[in-house]
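Participant: Each chain is listed here by its residues.
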Amino acid sequence: MKYTKKYALYSCLMALMFSMSCSKKIDDAYLNPNAATRVPVESILPSLIGSLVGSSAAAGSAYGIAGDALWIGRYIQYWGTYNVSTVANLGTQFDQMGGASGSSDALGTMWGAHYFGMGQNINRMIQWGTEEEKWDFVGAAWALRAWSLFENTNQYGDMILREAFNVDLITFKYETQEEVYDSVRVICHRAINYFNTTGGNTGKKFAEADAFFNGGDINRWKKFTYGILARSYAYIHNKSIYSADSVIKYADLAMSVNADNATCKFANSGITGTSNYFGSLRVNINQLNTGIRQSAYIADLMSGANAGAFSGVQDPRRPYILRENTNGTYKGTIPGKGAGTLPAGDQPQSFAGTSFGATGYTLPESGRYIFRNDAEFPIMTASEMQFLKAEALLRKGGNNAAALTAYTNGINLNFDVLNTKYTANVPAALQMTMTSRNAYLSSNAVIPVNASDLSLTHVMLQKYIALYGWGVQETWADMRRYHYNGDTDPVKGTVVYANFMPPSGGDLFANNNNKLVYRARPRYNSEYLYNIPELTRIGALALDYHTVEPWFSVKP
Amino acid sequence: MSLRLILAMMLTVCTSFLYAQEKTVSGVLRADDGAPVAGANIAIKGGQSTTQTDAQGAFKIRTKNGDVLEISSVGFVTRSYKIVSDDPINVVMVRSNTELGEVVVVAMDIKRNSRELGYSTQTVSGTEIQSTQRENFINSLQGRVAGLSVNPTGGNAGASSQLILRGFNSLSLNNQPLFVVDGVITDNTTMNETSNGGTGLGLASDRPNRNNDYTNRIADINPIDIQSVTILKGPEATALYGSQASSGAVIITTKKAGTKRVTVNYDNSFRTQRVTRTADVNNDYGPGANGVGGNTFSATSGSYFGPKYPADIRRYDNIDNFFRVGFAQTHNISADYGTKDVGFRLSGSFFDQKGVIPNNDFRKYNLRLTNTVKVGSMLEFTPSVQFIHSTNDKPLRSAGGYLLGLYAWPVTNDISNFTDVNGNKQSIFSADPFSEIDNPLYNINRNKSFDKTDRYIFTGGINFNPLSWLSFAGRFGYDTYKSEGFTFYHPLSNLTTRGQLGAQDNYWRSYYGYNHTITGTARKTVGKWSGRVMLGTMWQDYRTEQFAIYGTNLVDSVSNVNGQLYKNGNIVTDANFGTTVGTPSDSSITRPATRVRLLQNNLGRNNKFITRQSAYFGEAAISYNNVAFLSYTHRFETASVFPKDQRNYNYPGVSLSLILSDILPGLKKGGILDYWKLRSSVAGTARLSDPYKNQSVFVNNFASAQTGAFSYGFDNNNPDLSPERQTTYEVGTEVRLFNNLVSVDIDYYNTYCYNQINSQYRASYGTGFVLNTANAATARNQGIEVVLDLNPIKRENLSWNVRFNFNHMWSKVITLPESIQQEYYLSDTWLYLNARGGVTEGGPSTTITGFHYERNKAGQVLISPTTGLPVVEATFTVIGDRNPDFMLGTLNTLRYKNFNLSFLWDLKVGGDVFNGTDMYLTLQGKSPRTADRETPRVVEGVLKDGLQNTSNPTTNTLAVNPFYNTTYYTTNALTEEDFVQKDVNYFRLRDITLSYALPSRLLKKATFIKSASVFATGNDLLLFTNYGGADPSVNGNNASTGGVGAFGFDYGTLPAPISVNVGFRVGF
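Protein chains in written order, with our numbering: chain E, 1 to 556; chain X, 557 to 1624.
Calculated directly from the structure, the hints in this document are not laboratory data. Don't take every hint at face value.
To be clear about the criterion: a stretch of chain X counts as covered by chain E if any three or more of its residues have a C-beta under 8 Å from a C-beta of chain E, and this derived list gives those stretches [stated by the list, open to error]:
hint, segment
1, 637-646
2, 1159-1172
3, 1254-1260
4, 1268-1274
5, 1324-1336
Note that beta-carbon positions come from the ideal geometry of N, C-alpha and C, so glycine has one too.
Construct all of the structure, not just a fragment, from the sequences and the given hints.
Facilitator: Take a look at the structure:
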């Protein structure tokens, strides 16, 4: 009996050990041995920075603002297509303010950036950064979330907010833009709180990880975050809750010198992902059907040919951001009509430096400004903040002198940045000098003698120039809140965007039903195949959904 | 060795000689229906000598007059036979009507009396399987089991086959059954080429299982080692096997060592194979377009729309000239040696096949040793070891294969001129070697693919019966193999590009599988009540590892002018390829910068899939008076593929069996009813996904970074994933009538598969990903199976048995992931143009979706008012259903004296097939449906002129003449809808075999020969079908594709050739 008990005890112990070892072996086999399910947060941040402009990864590329900017730049007449084509979803459709149609993912790169390119990667950076007490990474993750949320809602209006990133859901409800704006602000303040948190493992590896954006400078990150807040208060000037003081406050907290500008840099190591989306290596700006050429509106505005703004003044910034023609002048395309009636000698070169009708790129690269492989791509600049401040001061009234100062600062900051960062490939003879710059700034048409003469037209059109090429989404938000050529400048009594001519009649895209474009439809291969019930609910299946005004631009 | 032992051995031998002075008596055992009774035990009453009958029922025994033989066999009434003369003995065994002795092997080598089973099983004997001479034994099961369907990939030597029991339950996971050999789970994987961006197993080139094939690994099992195969169709039977068996189980019992003196059996088979079924092609028209001659030959479409060939133009029979007569030989040898308590069986096999496709050579060696040791009356050990070596030189198939090129090859060009004087590719029109499809002989000779596998399977069984009411059993198995292989694309093949300059795809795969099952069973009988309780545990540990490299740029350049290849400044010819480039098989012949590997391979490690599972299970069974049986099983499992919270799950099973004919004995009066059983069972089960499907992984991000950058891949591998679940119930009955003249077995089953794991489906990016994984879909699958056995003639010299295996199945997809508004499909099945295995909510799981014609509300095809051609709607809707109306296998077995004839007819009625081959040929101008191209026609339909949906649509009157308008034969006017052939039937003579057992008297002089027989077997000899293509029994994917796969997708796949085998068997 004694033995039996002993054996029973041994057997039980053996059985227990056996089952414990099984359970351990099963645990061991769970984790994926083939690919990383967790990576250091410092290797996530560079991918998020890449997704600001145009990502490149083994899982898809081009998520970011640059891809959509090619289309939106046509809405706001930064540029137009050179090759008039009626093929669906190519240049002409967007020149004519059409939305994306059919099964096209055009205008969907920001949707892809927010939900996929950055989406869960931001979540993990927050989660693991918190676990590892890397508060700088957590702050940066929140700041980038605020940025992409804000860019996304400005482009698409209603969007997935509360239900986003729930991996168990299959269809997703949309929230209104008003809610998204509130969330953006909450998230900005949360980011700033983390930026203000020290200790733990803060300050380790952040500078390396952030090398190609803010160089690891927490203060610049804070200024970038304040800048998002400034934008968010500025863009709702049509709303009763508009507060000019908030714009001014956050613009002041944001970057004020060019050294603080939030810009993406590129290692340009010879592979596409490390080069600028608008550069020759990524082959995006000068293809048949999708190639872009500067518009007549920007060329005229900077050549003194716009009677309503800066009339008669030659802008020394032209050779930097625009391209000459063989006659040595600056002309541009007409929406949907390519070169229109321009004689060959007046047709502008492409941004890649080829002749008007030629596709492709030259070796060595002859693009200028942001159209080069290694050119820094601005996301937000001090100059932009000065224009936001100037606009808010004008709207608030009572301190036009301060507005004029901000306005002048904005122009100067833009001059400085071009003069230092973007001189590559600008012919020496055409580069600005102190003389040409001063001549421009001393023109009454640019800087009014009396502060009381400063108008929204001045501010918004100088901002239009200063954000040329990179601030496409911000300029589109500006033009929509001033309803393109709809809103009048109270000082001048003329349209804020002086002489801006949106396409009309037969030149407006057929689906628009004579309305101008006000939003992009969500990404086709995300929503129009797989989230139909919600699109039905918000009316996004209508062919003119892209003409529905977003909340921020609707006047009460 | 001690002297005493040697003496003892000598004594034993001497004793044998003493016995040898007695005479040898031979005999044959037959059942009352004439069938030979194999494996019966024959013992001399009161003596030591025993023997067993062979597959023909023959036996020999040393005996003397006056001895009484005790003859016993499972399922038969035991009888005695007294020896009175030297004449051969013919003994007829009577089947035991009570069915008491009929034993079925169910879970893990556990045997159960068939009376008590509450679910249906069917057994196919090893003899029957071997008689078909099919080296991949699962191909011999089609038609022999109701509800079983085999979908072979094609007619290549070494082709894989998909085996499905009772239809498709899961929309994305594996629907194939579990294979169990002697109680040990044995791997039946077919290599899947997809590696999901290098994160999984598969090839580094990450291909979608369409262009190549890999043997399904259970085909490694040597058919001659199989004693019997029992098919457990539903999950009820497999509640004890665990989740791998949720699609049923195939239980293989191997031949065990006989406890007798040395016996040796040898048999062989010589096979010739011929291709008789190819697609019809039209060879009337020459190259060009719109009736105007041209000189281009496209790889994809538009080649033969020029003028008619002159009547006197020289034509070549390229298709017939391409194929060769296949030849295969098999040699099997087995030897048994045993004493009363120890037995050995050694079997070996050599199989060598030259397939019908040139260069398709398959070779396999099998060697197996089994041992049975009894220690006392309580303990028995049954270890075995098996070694398999196989090699296969394979052709490429489907889109990259030789067959489409063969069909499309110009009839005016002799296929055999495929190289120029330098051995380089000879094109027809173009100097550019990449502009034309490869000459099929070029494809076969220059592009190479090869596999090699070495496999060891160890099994061990222990039975321990310490007490009369208590027994323990353990089954242990270790199964391991190493495979390696490659695919080589010659730099001049049009399967690569001028930029790629050839490609080389290599893999090395290893598999290590261990599993064991240990059970303890206690039995107790009290009066008329009997009870049984079984408890068991199971452990499974499977690991597959893979290393794979893909690279390109085998040469440096290819000349634009004459297709000349250059490497390091040298001209590369076929003759010097080995010295200038290297061996086609060597992964190092590619340019290093182009090489891609699986993720871990880059770090010098293998990618791994590891699945581990532990289980505890129990069964409680109670029976009354051997007429009513109730059993309850429950299984608790833990599987490593799920996260901790979802890892533990369990499921029950209940079954009931009632022998009505014994409960109500009055039913048996009148001599009509012999036996009537009612049965029912209900059970749950679970199904696992591949491992790591719930962990999203990071992939390379190429952003500017100082620290390296990663971002998530496309897949939302849902961290909350739980097992797919399934509930099945079945009810059935078994009736035997007229003294077993007729027996019928009818079964209805209903399987509800829910919480299905759907992977890689698209949804809103709101999840943060592009592709998703979730427990989402539900589907129901039902069917009726009938097995009817007739024994019209049962005489000593003549007997005839007919068995009908009938099944009718239907399924319904109840829900799909909510985001899927149109259809859910597995991307593997999207293999040609725009037809794929898509399913929709409310439809069956076997539908084909594809592009179709735009129609008005009345269903009339819309015609373009400008072209007169139909308007194609480029969206995927259901255009066909592959599920047949019913399947019927008819097996006839006839015996006249020593002649045995058996033949299996396989009938399929209904079910659609997508004839992609014909669509390809139509687009090329080679299909017979383009033969009437010079006849002007008006396409039936109404104009899309705005009135199409009014009450007065405009009937189309626009005539088109396709001869002058090639657009008629393009995807602008043709849709996949046209090429789905509806209701495809076939009636096929699958196997026919005639054998003749040499009479004992002929063997009398050669006393060392115990038995001898000769046979002839034909496979796939006859096919009657309404199918327009070559043969509807092909599969567009290989057997590794999950879900429903691509059976019923015919695209560039050669069907099974016809085969004739002859051989003899001899036993010593």
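Participant: All hints, please: hold or fail.
Facilitator: Do the hints match the structure? See the list:
| no. | hint | result |
| --- | --- | --- |
| 1 | 637-646 | violated (count 0) |
| 2 | 1159-1172 | holds (count 7) |
| 3 | 1254-1260 | holds (count 7) |
| 4 | 1268-1274 | holds (count 5) |
| 5 | 1324-1336 | holds (count 6) |
Of the numbered hints stated above, the single one contradicted by the structure is hint 1.
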